[in-house]
Amino acid sequence: NAGVTQTPKFQVLKTGQSMTLQCAQDMNHNSMYWYRQDPGMGLRLIYYSASEGTTDKGEVPNGYNVSRLNKREFSLRLESAAPSQTSVYFCASSEGPLATNEKLFFGSGTQLSVL
Amino acid sequence: AQTVTQSQPEMSVQEAETVTLSCTYDTSESDYYLFWYKQPPSRQMILVIRQEAYKQQNATENRFSVNFQKAAKSFSLKISDSQLGDAAMYFCAYRSALVGGSQGNLIFGKGTKLSVKP
Numbered sequence: 001n002a003g004v005t006q007t008p009k010f011q012v013l014k015t016g017q018s019m020t021l022q023c024a025q026d027m028n029h030n031s032m033y034w035y036r037q038d039p040g041m042g043l044r045l046i047y048y049s050a051s052e053g054t055t056d057k058g059e060v061p062n063g064y065n066v067s068r069l070n071k072r073e074f075s076l077r078l079e080s081a082a083p084s085q086t087s088v089y090f091c092a093s094s095e096g097p098l099a100t101n102e103k104l105f106f107g108s109g110t111q112l113s114v115l
Numbered sequence: 001a002q003t004v005t006q007s008q009p010e011m012s013v014q015e016a017e018t019v020t021l022s023c024t025y026d027t028s029e030s031d032y033y034l035f036w037y038k039q040p041p042s043r044q045m046i047l048v049i050r051q052e053a054y055k056q057q058n059a060t061e062n063r064f065s066v067n068f069q070k071a072a073k074s075f076s077l078k079i080s081d082s083q084l085g086d087a088a089m090y091f092c093a094y095r096s097a098l099v100g101g102s103q104g105n106l107i108f109g110k111g112t113k114l115s116v117k118p
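Chains P and F are the protein sequences, given in the same order.
Residue numbering for the first sequence follows the working numbering, beginning at 1 and increasing consecutively.
Residue numbering for the second sequence follows the working numbering, beginning at 1 and increasing consecutively.
In short, the hints are calculated from the structure, not lab data.
Keep in mind it's a predicted model, so treat the numbers as computed, not measured.
There could be a bad hint or two in this list.
As the list claims (entries may be wrong) - Simulated crosslink set (DSS-like; lysine-lysine; CA at most 27 angstroms straight-line): (1) F:Lys78 x P:Lys103; (2) P:Lys9 x P:Lys71; (3) F:Lys113 x P:Lys9; (4) P:Lys71 x P:Lys103; (5) F:Lys73 x F:Lys117; (6) F:Lys70 x P:Lys103; (7) F:Lys117 x F:Lys70; (8) F:Lys110 x P:Lys9; (9) F:Lys113 x F:Lys78; (10) P:Lys14 x P:Lys57; (11) P:Lys9 x P:Lys57; (12) P:Lys103 x F:Lys110; (13) F:Lys73 x F:Lys110; (14) F:Lys55 x F:Lys73; (15) P:Lys103 x F:Lys113; (16) F:Lys110 x F:Lys55; (17) P:Lys71 x P:Lys57; (18) P:Lys57 x P:Lys103; (19) P:Lys103 x F:Lys55; (20) F:Lys73 x F:Lys113; (21) F:Lys78 x P:Lys14; (22) F:Lys70 x F:Lys113; (23) P:Lys57 x F:Lys110.
Here chain P stands alone, though its shape is the one from the complex (with noise of 0.2 angstroms):
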């Protein structure tokens, strides 16, 4: 079972520079986020998505855009990257919605560094 998988799993980038992470999951989920980490704290939402064609921000969106092309996939975009972006970012996903007590599957993460 591959579960949730990122790619990259490790990239720089110069400041104003674009990317988009990828990432997809086999399980069928229906619902899907995007987290980031920074040294010494926990994860934050920067972005999720309940269901196929609907996206909503979390608690980080600021400089970031996101597509669910499917409900396989769930793509983030830093359109100008900048050094407080330089962060792990995980993408998770889950059967359910939010607000259950549904366990979250997550990928291994992306280490993003911005110079």
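Starting from the known structure of chain P, fit chain F onto it as the hints suggest.
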């Protein structure tokens, strides 16, 4: 807004011993869920255990158990018979049961790094 506090940045335990990780949270809601996630060096977050606030009985999963004190807003994790593979960052998380917007988002504490000594 809800907050989750883990007051122990680092903990250490001897293999086969028992360790308890602390977590407190702040909320005005009565219906919610609490979780402990483990993040090993591989970085992938893994659910360890979860608790529904409406349940008085403490959740258990094999060697892992919680002490849920709703009135005190405390949710500690006990790991019994610690193993080398338990070494990881452990995150406590809160999730509202209210439907609508991102209210049901997981709110994480800053984590506790657990070391297991052979």
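Of the numbered hints stated previously, which ones are contradicted by the structure, given in increasing order? 5, 7, 21
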